[in-house]
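Trainee: Given these sequences and hints, build the entire structure.
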Amino acid sequence: MTDARGAAVVIVGGGVTGLSAGWWLARAGVDVLVLEKGIVGWEASGRNGGGATHVYSPLGLEEQRLWPQMDELLGYPTEYQPYRIGVALSEAQLALARRWAEIGEARGFRWESLDRRQLKELVPIVGDNAIGGTYLHFGGHANPQRTVQAYAWALQDHGGRILQHTTVTGLARRGGRVVAVETTRGTFGADVVVIAAGPQTGAFADMLEVSLPLAPARVEMIATEPIPLMRVGGVAGNGLYGRQTLRGNLIYGGGPHEWINVPDMTTPDHANTPLVRNLSRRLAELFPGAAHVRLIRAWSGLVENTPDGLPVVERLARPDNVVIATMSSVGFGLSPAVGRAVSELVQHGRCLFADLGALALGRFAATPPDWRERAGWVAPPPTVEAAAR
Amino acid sequence: MSGTDRRSIIGKAPVAERHVPLVVVGAGVAGTAAALAAARAGVEVLLVDEHPVDNDMMAMDVPLCFGGRMQPSVRNRALMLERVVERNPELASVADAGVDVHLGTYVWGAFVNSPTVQELPGPMLGLADDRRSWLVSYDRLVVAAGARDVLLGFPGWERAGTLGAAGAAALLTRYGALAARRIVVIGSGALGLHTAALALEHGVEVAGVVEVEASVRGDARAAKTLAERGVPFFTAHTIGAARGRTGEIESLVIVGVDGAGAPVPGSEREIPCDAVCMAIGLAPSVELLHLVGARLHFVSGLGGWVPEVDASMRTSVPTVFAAGDGAGFHDAMLEAPDIAREQGRRAGLAAAESLGAVAPPGRLISADSARAVGAAPVPPAVHGYWQAWLASLVAAGGWDVNVCQCEEVTRRELVETKPPRYLRWDSPAMKARNLGTLLGDGPLNQDQIKRLTRAGMGPCQSRRCREQVGLLLAEAAGTTIDRIPLPTFRPPVRPLPLNVLWPVDEPAAMREDWVSWFGIPTQFSPHWTAGMAIDEPTAHANLIMSDE
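Sequence lines, in order, name chains H and E. Under my numbering, think of the first position of the first sequence as 1, with each following residue one higher. Under my numbering, think of the first position of the second sequence as 1001, with each following residue one higher.
I should point out that these hints are in silico values taken from the structure, not numbers from a laboratory. Being a predicted model, the structure only gives us computed values, none of them experimental. There is no bait here: all hints are sound.
Sample of chain H residues lacking proximity to chain E, with all beta carbon distances greater than 12 Å (derived):
| id | residue |
| --- | --- |
| 1 | Ser113 |
| 2 | Arg117 |
| 3 | Glu121 |
| 4 | Tyr135 |
| 5 | Arg173 |
| 6 | Ala180 |
| 7 | Gly189 |
| 8 | Met207 |
| 9 | Met230 |
| 10 | Asp320 |
| 11 | Leu352 |
For the chain E half of the interface with chain H, some residues (derived, Cβ under 8 Å), not all of them:
| id | residue |
| --- | --- |
| 12 | Ile1010 |
| 13 | Ser1427 |
| 14 | Gly1442 |
| 15 | Pro1503 |
Even for Gly, the Cβ is constructed at its ideal location relative to N, Cα and C.
Mentor: Structural data, given as structure tokens:
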């Protein structure tokens, strides 16, 4: 492919953050091109729990404002469903559920306490081991796979372009600015470049001599066969996140992560481990009424974390035509809002609707190079497989 | 200076209940031969087979298409166990050779280290029976998992009585529990003729053998024998519909096709029957091989995706071997079990040798057997035949037939990449999207279309639709099925209840340090105030923000 037509804005990474940013830009009339090494939303963006309840974030209010409108704005289904129920099996879990609720309350949202009887009425598969819970009249969840495709299609409907199976190999600079993006399918000129490449974002920052501390990790999820739809699908607790889908499947994740080494630009295998059994147990504890339900699928995904677990969303000072967006492993729910924030950073140099100060890269200016080792956020030492290998 | 992240997987590695130098999965001809060869060479072997499968699993058409035609006796586990043992004489010799045989045991997962997994102490398998699950680690693995049914839909195929050749054979031979009296066999290749003969042998009437091609595809003599026993052959015919007043098949309507595979008006004929057996082909069961990372390649003559193996049946993963129908199925293997037996023997011997065992003299691979396995010519391609069947079924049955029964996705909805019906979604934008627009963005990918349409996402884990989804999409996209990337297999490769997967052997640290997400105290902190962090009770993250 030699027809490497550049764009005013080239976005590196066709995950949920890059696609949302591209969609916001395209609908504002900006000429935008998204470059994706594989298929859109194929990595963590399409493999998460679908939660959309992040009111603690500087982008949280915008997240809550936008989600109920997303189906209409995009023109494609996201399976967004409002409200969340927290189930607690212990006092500690109840305290945790309440803290989530109180953070919402501090931002003006309503919630209620549920006793066991109320909980069982709303969520019939909850058992006698539940001690109570919370009903959030805010937050929600959507279907990540459907949503990433919706962003991609809506972006195209507004004249934006997406090139899949196109791996970015370099960023060409001239006069202190990035002027083009080099890929396996040619070089694409750009006025502004957005880097939203998930775990690989750090490698692109390195190319610009910008230090962006990121630690990638693998996390796993499980899915059951469908069961009858509950009144509210957004039920979680017992150290699990997830939801009942509109089809009826229970989809949950949680538990230990595995820190891994920075992946190269190839598409990783999405391997699972016996952790699927531990997840099954937590789910059966959360929903004793569904303990007999069959697990039909499991998968994993790679996510990246910054040292404080918070996103970096910033227009760099140098080169000044680059925007970096990594969501530090919590990107799907916030995607409508962060896409809008990125589009404003591109167009206006700053975010007009929220103060992104807490997400600035400068907070890591003094982070030591060996921060991963110090925190213990490193890959386990490789084991010797079988002797004959 | 280094810290430890207690919320990470470190210190929580899964613990195998048992370590075995060699695990053989599948106690068919190949698996028993592998186990026997290795055991005689002095290797400790665990042989695992899922049969007898419990009734609930069978009812989902897992692992084979049983079509709901099980006799109530399959609920009697003890009786079925007895039958499975009694009808597989090889099991006795294997046990005599000291092999530990576990029947009625599923292998639902295979777990190995890879670029994104470094935590495992070694390769391990997930096993389960109908009550609990456990892990077994191994040094060598022979996968002899057999082949599963290739099904193509037709109007009414959701009714009880739609079987596959492998499912029917299992019910007839292993279980002695086929609840059908009069069946119609679809396909007149070696598999169809074999299935018809097997049915007759077990006292089941064969009401017809239907073949879309103009003449019988299999061996003429075998067909003649069947015809002499009163089996009618309907060549140049396809399926119109399966009928019944209830959810059961009571008759099959077949229809003649012309040279182009189009139905001939007025040629319909209704055959009373209680079962329809799809016997056009089998697909190797490569789920476990995929999970261990063995390289698979597409060989149409072997049934599709099969492992790359060398002459000793070693896969691209040096510790893993494949043998029998699961390493590639072709017609000759039906009548010549020696092919699978020899593959199994080689795999077992090679596994044993690689473990340092010395095979008894006279049991080394002979030149003759090398020819039988290694130098065999690639059998003729089968996917063109499957595609011809599918084309005739579409011509006769139309586009509004379910391709995926579990998720109720029709052929039309699949190739138009429609969102699932339960979303009741309609928009001008959505209407403008279809397979064609998707292909404009990149090459065909079955997994991507699965996510959009849900075809293949149900409890049967796409066993009933994987091939027909691939064939339909390839046809609609103007390509061929061998050019579509392998649709992935995900664990558990058998649909098992949560309370069976439940790990009674869970390490204490798993429980003590469990967090829903990374457990970074600042991750969910309200940005407007300090000290109100969402801090899960077990979180103890070491935050390294600066040198202090």
